[in-house]
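Protein chains in written order, with our numbering: chain P, 21 to 134; chain G, 147 to 260.
Hints listed in this document are in silico derivations from the structure and should not be mistaken for laboratory results. Beta carbons are placed, not taken as given, at the ideal position from N, Cα and C, and that holds for glycine. Check the hints yourself; a few may be wrong.
Claimed, not checked - Pairwise CB distance ranges, derived in the manner of DEER restraints: (1) G/THR258 x P/MET31: 34 to 42 Å; (2) G/SER173 x P/PHE32: 37 to 45 Å; (3) G/SER173 x P/SER131: 15 to 23 Å; (4) P/SER62 x G/SER173: 19 to 27 Å; (5) P/LEU117 x G/SER147: 36 to 44 Å; (6) P/SER51 x G/SER147: 40 to 48 Å.
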Amino acid sequence: AQKITQTQPGMFVQEKEAVTLDCTYDTSDPSYGLFWYKQPSSGEMIFLIYQGSYDQQNATEGRYSLNFQKARKSANLVISASQLGDSAMYFCAMRGLSNTPLVFGKGTRLSVIA
Amino acid sequence: SAVISQKPSRDICQRGTSLTIQCQVDSQVTMMFWYRQQPGQSLTLIATANQGSEATYESGFVIDKFPISRPNLTFSTLTVSNMSPEDSSIYLCSAGLLVGNEQFFGPGTRLTVL
């Protein structure tokens, strides 16, 4: 079984600062994928970034980067230069084989302060 | 990327009635998934919609309550039957492309049951 743990129910960050959202996972699958999604108050799920378990380098997408530490089973999301529009819920998720469903963590609510 | 649309975007329904939610993807996909997000909670998988065969339901979800259809590779429906206030949630459709790692979500259907 797969499990995602997000231990930060809420986080605050000053505008233009960087913030790290924590995510640890547990799985017995030899190959897996890790995802981060943003959910604003509108409710839509916005895909941010993906990291494959065999990827040699940490994934980056614009201001988002994923700090993947396989031995520690962690996949933290780093948001650089925070903007007010980054205020939202952030979910870490994982799956095993491609085209299998995602398992989600409980989420972290990020608030960006001007 | 893929664009997933859902109809309706929101609805208010009476106890004991049923609502059918439609999900349309603009690309052919293999698996389509239905999730439920109860207020203030994370996403929980209801079922995997398989094309040409019955849906695969997760523990705690049954076909009589959440019948699912998937007549082709780009379309699926979820029905919430005999609704009660406990069914008030956001229902999200999700799918992954045939090639690539991303898994995309529809905008969700916000259901309120009175």
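>> Assuming the hint says 15 to 23 Å, is it satisfied by the Cβ distance from G/SER173 to P/SER131 or not?
In response: Hint violated: Cβ distance 35 Å, outside 15 to 23 Å.
> Is 34 to 42 Å a correct range for the gap between the Cβ atoms of G/THR258 and P/MET31?
Replying inline: violated, 29 Å
>> 19 to 27 Å was suggested as the range; check whether the CB atoms of P/SER62 and G/SER173 agree with it.
In response: Holds: the Cβ-Cβ distance is about 23 Å, inside 19 to 27 Å.
>> Range first: 40 to 48 Å. Now tell me if the beta carbons of P/SER51 and G/SER147 are that far apart.
In response: For P/SER51 and G/SER147 the Cβ distance comes to about 23 Å; the hint is violated.
> Between G/SER173 and P/PHE32, does the beta-carbon spacing fit 37 to 45 Å?
Replying inline: holds, 39 Å
> Falls inside 36 to 44 Å, the C-beta gap from P/LEU117 to G/SER147?
Replying inline: Hint violated: Cβ distance 21 Å, outside 36 to 44 Å.
When held up to the earlier numbered hints, the structure conflicts with 1, 3, 5 and 6 and fits the remainder.
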